[in-house]
Every structure is written in C-alpha cells, then in structure tokens.
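S.K.: 30 is the number of the first residue of the sequence shown in this note's numbering; add one for each residue after it.
What the hints contain is simulated information worked out from the structure, not anything from laboratory work. You may find that some hints are simply not true.
Said to hold, decoys possible - Beta-carbon label-pair distances, calculated as ranges:
id, residue 1, residue 2, range
1, 466, 557, 18 to 28 Å
2, 169, 104, 16 to 26 Å
3, 398, 495, 16 to 26 Å
For glycine and all other residues, C-beta sits at the position ideal for the given N, C-alpha and C.
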Amino acid sequence: MSLKERLPKFLNKYMDDYVPPIVILIVDIVLSFASSVLSIVLLSYLSQWFYNHLHSLFAITWTVVAAVMTLLVAKVSKCYKTPIRHSDQIYNFRLLLAILCKSVFTAIVTLAIMHCVRGNEDLYKVALYIGITDFGITFLVLICVRMLMFMVFALYRDGLKMKEGCTNVLIYGTTNKSTALVERLQISERYNVIGFVYEKKIANVGGLRNNLPLLICENEKQLQEVVEKYHIGAILFPNDTNLDKLQDTFLDYCTKHKIEKLITPPIDELNKENINYRIRKVEYTDILGRKEIEVDLEKIKDYFKGKTVLVTGAAGSIGSELCRQLASFGVSNLVLFDDAETPMHELRLELEGKYKDIVNIYPTIGDVRHKKRLEGIFSRHKPQVVFHAAAYKHVPLMEENPCEAVMVNVYGSRNVADKCVEHGVEMMVMISTDKAVNPTNIMGCSKRIAEMYVQSLGTAIERGEHEGKTKFVTTRFGNVVGSNGSVIPLFQKQIESGGPITVTDEKVVRFFMTIPEACRLVMEAATLSIGNEIFVFDMGEPKNIYEIAKR
Numbered sequence: 030m031s032l033k034e035r036l037p038k039f040l041n042k043y044m045d046d047y048v049p050p051i052v053i054l055i056v057d058i059v060l061s062f063a064s065s066v067l068s069i070v071l072l073s074y075l076s077q078w079f080y081n082h083l084h085s086l087f088a089i090t091w092t093v094v095a096a097v098m099t100l101l102v103a104k105v106s107k108c109y110k111t112p113i114r115h116s117d118q119i120y121n122f123r124l125l126l127a128i129l130c131k132s133v134f135t136a137i138v139t140l141a142i143m144h145c146v147r148g149n150e151d152l153y154k155v156a157l158y159i160g161i162t163d164f165g166i167t168f169l170v171l172i173c174v175r176m177l178m179f180m181v182f183a184l185y186r187d188g189l190k191m192k193e194g195c196t197n198v199l200i201y202g203t204t205n206k207s208t209a210l211v212e213r214l215q216i217s218e219r220y221n222v223i224g225f226v227y228e229k230k231i232a233n234v235g236g237l238r239n240n241l242p243l244l245i246c247e248n249e250k251q252l253q254e255v256v257e258k259y260h261i262g263a264i265l266f267p268n269d270t271n272l273d274k275l276q277d278t279f280l281d282y283c284t285k286h287k288i289e290k291l292i293t294p295p296i297d298e299l300n301k302e303n304i305n306y307r308i309r310k311v312e313y314t315d316i317l318g319r320k321e322i323e324v325d326l327e328k329i330k331d332y333f334k335g336k337t338v339l340v341t342g343a344a345g346s347i348g349s350e351l352c353r354q355l356a357s358f359g360v361s362n363l364v365l366f367d368d369a370e371t372p373m374h375e376l377r378l379e380l381e382g383k384y385k386d387i388v389n390i391y392p393t394i395g396d397v398r399h400k401k402r403l404e405g406i407f408s409r410h411k412p413q414v415v416f417h418a419a420a421y422k423h424v425p426l427m428e429e430n431p432c433e434a435v436m437v438n439v440y441g442s443r444n445v446a447d448k449c450v451e452h453g454v455e456m457m458v459m460i461s462t463d464k465a466v467n468p469t470n471i472m473g474c475s476k477r478i479a480e481m482y483v484q485s486l487g488t489a490i491e492r493g494e495h496e497g498k499t500k501f502v503t504t505r506f507g508n509v510v511g512s513n514g515s516v517i518p519l520f521q522k523q524i525e526s527g528g529p530i531t532v533t534d535e536k537v538v539r540f541f542m543t544i545p546e547a548c549r550l551v552m553e554a555a556t557l558s559i560g561n562e563i564f565v566f567d568m569g570e571p572k573n574i575y576e577i578a579k580r
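Given the sequences, and given the hints that come with them, work out the whole structure.
M.R.: Dropping the structure here:
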C-alpha cells in the first residue's frame, strides 16, 4: 500500500491541494482567542500586582474584542488566503504586522469600553502588559502552527517521492535561475532535487543553497562518487548557456555514467495558450555552439501583413515551418503547394486549427514541373510573394537519379520563376543550399543552375531586356537540424534501433541551424532584398559530423 493510500482523505486533500482559506481563518481566530486567554492567565499567575488590578469584566472584554479584531485584521491583511507552503519573508512580515495591529486595536477598543462602563479607573498599565504579552504569544503560536503544517507537508512530499521512485536530480550552477528551480520542483512528482553541482571550485564550496548542498565535480571520478552517494539519475541545466563548453567534459561524464541530461526550455518553447512549466531532455539544438541569430520580427510582420503568399514545397520541413510563421505574421491568404498528399493534409489540419479565423488557407496538390497546374494556381490566387522551397535535396539519391534532379530543381524552379514574372509577383524567394557553391555533385549543380537562371531573369528585368516587375532573391544555408532526411534525425533513429551509427567520413564538417531560425532568416532576406541578391547566412563554426555522432 502506498503512502497516499495509508493517509486519511482529508490529509491527502491538503497535500494534493490547499487548505481552504476559510479553514485557515477559523484556525487563526481560535488560536488568537486562545492566545489572548493564555496571556491573561499567564500574567495573573506570574504577577501579584497584575492579579490584584485585573477585573473579570476587563478580561472578558479583552478576549471578545481580540477575537473580533483578529477577524477584521485578517480580512484586511488577507494572510489567510496565502497557501502556507508558499509563505515567505514578506508573508511573515505581513503576519507580524497583522498581529501587532490586532493587539493595538484590541487594547484601544477595550480601554474605550471600560472607560464607558467603569469611568476613569486607571487600566492603561494593565492593558499595556496584556497587549505586549498577547502580541508575543499570538505571533509565536501562529508561526509555530504554520511551521508545523509546512513540515508535515514537506515530510509527506519527501516520503511520497521516495516511495514512488522519483528521479534524484542535481541542478547545474548556482545562478538565480538555478536556485529558482528548487522551489518550482518542490511539488514535482517526477524529480527530487538533491543539491547543486558545478564543474569547478567556487566560493563557499560545501555551503548550502536553499538548504541543499553545493557539490563540486571537477573530474569524472568526483562525479561518479556523487552519483553513487546520492543515487543521481539526472543533471538539470537551467538554460543552454553552459552546454556547449561542457559537451566535451561534463556532458561526456554524464553520458558514460548513464546520467540523464535535462534542460528547462526558454519561454518561447512553451505553449502560449497554456503555459506549463516543462522539463525536457537536452537536445543537439541546445549545443550548437552559438545563440540563434536574432532578426527584426516586427519589420518582417509589417512586410507580410495582409499579403497573399504562395509557398512551394509547403509540406516539407522548411516549407511547413515557413507556413506556420507566415500564418502567425498575419498574411491575408496563404497558398500551400506540394505534391505530398498526407503531409499536406496534416499541415492543413494544424494551420486551420490555429489560424483559421485570421488567415485564408488554400492547400493545393501539384508539381512544380507542371506548367499548366502552376498557371491555374497563379491565375486563381494572384500571389504577391512566392517562397520556392520545393526541391530534391538528398545528394546520394540525386547521384543515382540525375534526370529527376534536373527536372525538379532546374526546370521546376524555372517554371515557378517564369510564372512569377507573368503574373506580376512582387518577389520570389528561392531557397537554395551551400552545396551550390562550387558544386561537386548533381544536387548542388542543379541548385546552382537554378540560382543562375533566376538571377539572370532578375537582371534582364532590371535592364529592361525582359518585361516584368518581379524581384528575385536567393537564400543559401547549410544543414538544418531536424529537417527531413538530415543527419541528426538519422543518428537518433540509428541509436533508437540499437546502432550502429554510420558516418561516411570522420573529417566531414557541416554548418547547422535550426528550422525556425532558418525560416526567420529567409523571411528577413525578403524584407532586406533590393533584388537579384544571394544571401548567405552566418551559421557559426562548422561542426564535425563524427563528433556529433559520438555525442
């Protein structure tokens, strides 16, 4: 039988929820009344002078007024509405001030009543003694009861975690965000915080943070000792700031000892409609070695707001993220164009579920190789901006099927560019690849030819050699983490299936960026372009594929 099952229902109600405020109010009134009675009894027992000068009417009046004042002050201060488990120094100060007000007002009201009843009898000294004693005892009793309730909850919580097998975790670092995690995880049913860990000695080694130890693990041996002593199952990182510099040391130690690596996500990863505090495993995107490139989102939103936008290859990893962001930017009409039926259907359901009331969404099945199909789409929707993301991109497959690479990447791109000119599209953004630079394979070569065509067409329009007003811009970037067919998901699938992980060449390096980052940069390129430019994104330092596979 579990700990929860052995406890009475009313205790489980307290542990899982909160004691109702009305219960706290009643308890406070009863304890305050009892404290006032105890104050009078204690003073009468300890002081003969007090006993001789105290009248029974004064004692009765004091206790009744004290109960009434407790109710009035509690209503004003609202101390009873704060869950005791979440009390802090500010709450304790409010409680202290409320009890002081209760004692002072009780003394004033009682003296006023006694003055009316018994005339000018001198009772000020009696009231002063009772007021001071009443204040001290009331504050001591209420604080002790609250501490007792908090200790009961803490013992229950710790016992429940031990019984139900929570994962013992260490929080990395001692920053404000690290220490804030302790309070957030106190009521967690999955994680039990053991202490803080750091990879090098700092001030106050061996000290406490939030009553938890600060543990130093400068090498693998020290980490192993800590793990075995405290039965650690995971290390929790408050952010990704330290992950890249730790990936060859601390993270390697965690991997060897099968310690799970967790991270608290930034606020933009949370569900904006229902913000819940979540913890997830460390992913490769957390250790890219650089911060995501920041763009001027307001400028992008202003440019696309109210426009009709067509996205080819809309069901792919890049195209679908482009559609999500464009829909959130307030475009008027969003035309999705792709030949993949099932992914298109799934994207349509997702977008209509989130943006149906603010964006007109037109999912369209078609192939960029078919001119008549493109003509129908352009004639019907009259797009103002076109993002051309449709392409074949897998190098080995295109080496084996070069004709298809040329048909889609070259002729397909030409068809889209020609239709943009024919129908007066303001701008076409062609999404290319860094493999088009000095291409060494069919895929890169086909993309480079497509780049040359759209650039030449744009230049001809500028010179007046070709009718039209369309501006063309090309964007190049490297590997996109998490995109369909990219190396990271491939490694993850190989690991999940038990391995081995396959790497073509240990010396191969690649640039990486995230899908949302790539799409934001593509849209920014559209707002910055004056026509016929190729934008190459700064993706930081290249990463060795072999090292990525090992991690």
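S.K.: Verify the CB-CB distance for residue 169 and residue 104 against the hinted window 16 to 26 Å.
M.R.: Since the Cβ atoms of residue 169 and residue 104 sit about 23 Å apart, the hinted range of 16 to 26 Å holds.
S.K.: Falls inside 16 to 26 Å, the C-beta gap from residue 398 to residue 495?
M.R.: The hinted range 16 to 26 Å holds for residue 398 and residue 495, with Cβ atoms some 23 Å apart.
S.K.: Honestly, do residue 466 and residue 557 meet the 18 to 28 Å range at C-beta?
M.R.: Cβ of residue 466 to Cβ of residue 557: about 21 Å, so the range 18 to 28 Å holds.
Comparing the model with each earlier hint shows no violations; every hint is respected.
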